[in-house]
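Participant: Sequence:
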Amino acid sequence: MDREAPKNSSSLKILSVEDDPISLTLIRETFKYYEDANLINMANFELTNVETLAEALESLSRNSFDLVLMDLNLPDSRGLETLRKLYLKKPGTPVIVITGISDEETAIKALQIGAEGFLIKGQMGINNLLQTISYSVERHRILEKLEKHIEELKHSELRLRNIIEKSADAIVIVDSDGFILFANNACEELFGREKEELLNDPFGFPVEVEKATEVDIVRSDREEAVAEMRVVETMWEGEKAYLASLRDITKRKKAEEELRAMMDLKSEFTSTVSHELRTPLAAIKESIAIVLDGSAGEINAEQDEFLTIAKRNVDRLHRLIDNVLDFSKLESGKIQFLMQKISINTIIKEVIESNRTIAKGKGLSLNTKLEKDIPMARCDSDKINQVLYNLLSNALKFTEKGGVTISAKKASSGNMIKVCVKDTGGGIADEDISKLFRQFSQIHKTAGDRKPGGTGLGLAISKLIVEQHGGEIWVQSTSGEGSSFCFTLPIWCDDSKGEGFYE
Numbered sequence: 135m136d137r138e139a140p141k142n143s144s145s146l147k148i149l150s151v152e153d154d155p156i157s158l159t160l161i162r163e164t165f166k167y168y169e170d171a172n173l174i175n176m177a178n179f180e181l182t183n184v185e186t187l188a189e190a191l192e193s194l195s196r197n198s199f200d201l202v203l204m205d206l207n208l209p210d211s212r213g214l215e216t217l218r219k220l221y222l223k224k225p226g227t228p229v230i231v232i233t234g235i236s237d238e239e240t241a242i243k244a245l246q247i248g249a250e251g252f253l254i255k256g257q258m259g260i261n262n263l264l265q266t267i268s269y270s271v272e273r274h275r276i277l278e279k280l281e282k283h284i285e286e287l288k289h290s291e292l293r294l295r296n297i298i299e300k301s302a303d304a305i306v307i308v309d310s311d312g313f314i315l316f317a318n319n320a321c322e323e324l325f326g327r328e329k330e331e332l333l334n335d336p337f338g339f340p341v342e343v344e345k346a347t348e349v350d351i352v353r354s355d356r357e358e359a360v361a362e363m364r365v366v367e368t369m370w371e372g373e374k375a376y377l378a379s380l381r382d383i384t385k386r387k388k389a390e391e392e393l394r395a396m397m398d399l400k401s402e403f404t405s406t407v408s409h410e411l412r413t414p415l416a417a418i419k420e421s422i423a424i425v426l427d428g429s430a431g432e433i434n435a436e437q438d439e440f441l442t443i444a445k446r447n448v449d450r451l452h453r454l455i456d457n458v459l460d461f462s463k464l465e466s467g468k469i470q471f472l473m474q475k476i477s478i479n480t481i482i483k484e485v486i487e488s489n490r491t492i493a494k495g496k497g498l499s500l501n502t503k504l505e506k507d508i509p510m511a512r513c514d515s516d517k518i519n520q521v522l523y524n525l526l527s528n529a530l531k532f533t534e535k536g537g538v539t540i541s542a543k544k545a546s547s548g549n550m551i552k553v554c555v556k557d558t559g560g561g562i563a564d565e566d567i568s569k570l571f572r573q574f575s576q577i578h579k580t581a582g583d584r585k586p587g588g589t590g591l592g593l594a595i596s597k598l599i600v601e602q603h604g605g606e607i608w609v610q611s612t613s614g615e616g617s618s619f620c621f622t623l624p625i626w627c628d629d630s631k632g633e634g635f636y637e
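If you want my numbering, it's the position in the sequence shown, counting the first as 1, plus 134.
These are calculated hints, taken from the structure and not from any lab test. Predicted, not measured: the structure shown is a model, and the values here were computed from it. Any given hint could be a false lead.
[As the list claims (entries may be wrong)] Distance condition first, Cα-Cα at most 25 angstroms in a straight line; then the derived PhoX-like pairs of lysine-lysine:
{"no.": "1", "residue 1": "K496", "residue 2": "K544"}
{"no.": "2", "residue 1": "K503", "residue 2": "K535"}
{"no.": "3", "residue 1": "K483", "residue 2": "K503"}
{"no.": "4", "residue 1": "K496", "residue 2": "K535"}
{"no.": "5", "residue 1": "K223", "residue 2": "K282"}
{"no.": "6", "residue 1": "K475", "residue 2": "K544"}
{"no.": "7", "residue 1": "K147", "residue 2": "K279"}
{"no.": "8", "residue 1": "K282", "residue 2": "K255"}
{"no.": "9", "residue 1": "K506", "residue 2": "K544"}
{"no.": "10", "residue 1": "K535", "residue 2": "K483"}
{"no.": "11", "residue 1": "K531", "residue 2": "K556"}
{"no.": "12", "residue 1": "K224", "residue 2": "K282"}
[Stated by the list, open to error] Simulated DEER-style distance windows between Cβ atoms:
{"no.": "13", "residue 1": "A423", "residue 2": "K483", "range": "52 to 62 angstroms"}
{"no.": "14", "residue 1": "D628", "residue 2": "G428", "range": "53 to 63 angstroms"}
{"no.": "15", "residue 1": "T442", "residue 2": "K544", "range": "29 to 39 angstroms"}
{"no.": "16", "residue 1": "R327", "residue 2": "Y269", "range": "18 to 28 angstroms"}
{"no.": "17", "residue 1": "E272", "residue 2": "T384", "range": "53 to 63 angstroms"}
{"no.": "18", "residue 1": "E601", "residue 2": "S290", "range": "44 to 54 angstroms"}
Here a beta-carbon is modelled for each residue, glycine too, at the ideal position from N, C-alpha and C.
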């Protein structure tokens, strides 16, 4: 056995199995030529030569080679049996046959057995040998990468199947004809059947790609279930298919139905109680009014004071009942909105005039800052009037000096109008801002300073009204600098829903 010293650790390791000195010299000269020509990729090599098949098998068992150059006729083996014996012991070894046998049939059989190339001694040139070696090595490396990639794909597929099998959602693979090709474990609970029973059965539901749909499922025990289904296109065993993911939402749907029933019951109860309270309140209010105007006889100053207090509280209770009823209807979605093409500036001016006396009584200014040519709004004018009235009333209530300004302009983004009510009051405590739009919450001027009065439903009602219009409502406040309550409304568009009642 002889060996050429390697150039570096990245040398191409070649095993030559050759007992003919002339052929071995040619192989060495070939690599010498390659090295002298300073050609890349193969200039660094490690050549090991053995003369028998037994020595070759021993070398292959102890070392790793990139390529074997092999004569078929060796002292201990002849012909194609030499190649067969090597592959029997070392299958997959890249081998180039270099032989004196000039037989096309032998060449074909050698390639069929697994040889990378077949060269005939005396007919091969240096370039021919180098090209064959280069091709063989590169081909083997590509095959190794391909096999590694295939192995990785197999592991990836196994991991994916494992994830699908363990998914909490039922996952079904359906072919293009609508028959089930695969069902995971979760399908058994959702459909009430063994997953093997589902295979090759019709899926039974329309397959709509990338669209969430709800499907009703009747289990084998006749119990009904509801699932949310999403479908994507996929490939299954080389064929086009659909992956349907079904999430059991039966409990959620039942909970929603129960909640809806409770909301209906709450709304009915609120409506009934409000109606029953209004009748006696109206009688009490009318009786107080009769006594106060002297129709029932003269009253003294002390009686007048107490009756005035009583009337004020009856009015406050009446407003509370109205607000509770409004909130209940809005919350349950049982109130209609008359959507019209309206000028927001007109609504603002109406609300300003309704509150001017209150502002004047407190010595406060009422101002507007309205953008010219502001687009028309799509809204229920009465409901938006109610929102603005609530915001302006609160602003006046918590402002002791200065005044309140209502502004309106086209929002910077989207087809929306932005309306703001800004006061010069003491601001709102930070801890109260998050509570402002909750039902029965009270506005605080500043931390530790709460002004009594109000139902605590005005802002909650305003929020529901604005959101029903598709807008948003929010507040910005700085202690000692006042507050600004803003909301948005949609602009009237020709392609939007027209005028009319909407729930």
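Participant: Please verify whether K147 and K279 have alpha carbons no more than 25 angstroms apart.
Facilitator: holds (18 angstroms)
Participant: Indicate whether the distance between the beta carbons of R327 and Y269 respects the range 18 to 28 angstroms.
Facilitator: violated (56 angstroms)
Participant: Using the Cβ atoms, figure out if D628 sits within 53 to 63 angstroms of G428.
Facilitator: Given a distance of about 59 angstroms, which is inside 53 to 63 angstroms, the answer is holds.
Participant: CA of K531 to CA of K556, is that 25 angstroms or under?
Facilitator: Answer holds: K531 to K556 is near 13 angstroms, not above 25 angstroms.
Participant: Holds or violated: are the alpha carbons of K496 and K535 at most 25 angstroms from each other?
Facilitator: holds (8 angstroms)
Participant: K224 and K282: Cα distance at most 25 angstroms?
Facilitator: Holds. K224 to K282 sits at ~19 angstroms (cutoff 25 angstroms).
Participant: Between A423 and K483, does the beta-carbon spacing fit 52 to 62 angstroms?
Facilitator: For A423 and K483 the Cβ distance comes to about 32 angstroms; the hint is violated.
Participant: Holds or violated: are the alpha carbons of K223 and K282 at most 25 angstroms from each other?
Facilitator: holds (22 angstroms)
Participant: Verify the proposed pairing of K282 with K255, using a straight-line Cα cut of 25 angstroms.
Facilitator: violated (35 angstroms)
Participant: Run the distance test for K506 versus K544: straight-line Cα separation, threshold 25 angstroms.
Facilitator: It holds: about 10 angstroms lies between the C-alpha atoms, which stays within 25 angstroms.
Participant: Range first: 53 to 63 angstroms. Now tell me if the beta carbons of E272 and T384 are that far apart.
Facilitator: holds (59 angstroms)
Participant: Using the Cβ atoms, figure out if T442 sits within 29 to 39 angstroms of K544.
Facilitator: violated (47 angstroms)
Hints 1, 8, 13, 15, 16 from the list above are not met by this structure, while the remaining hints are.
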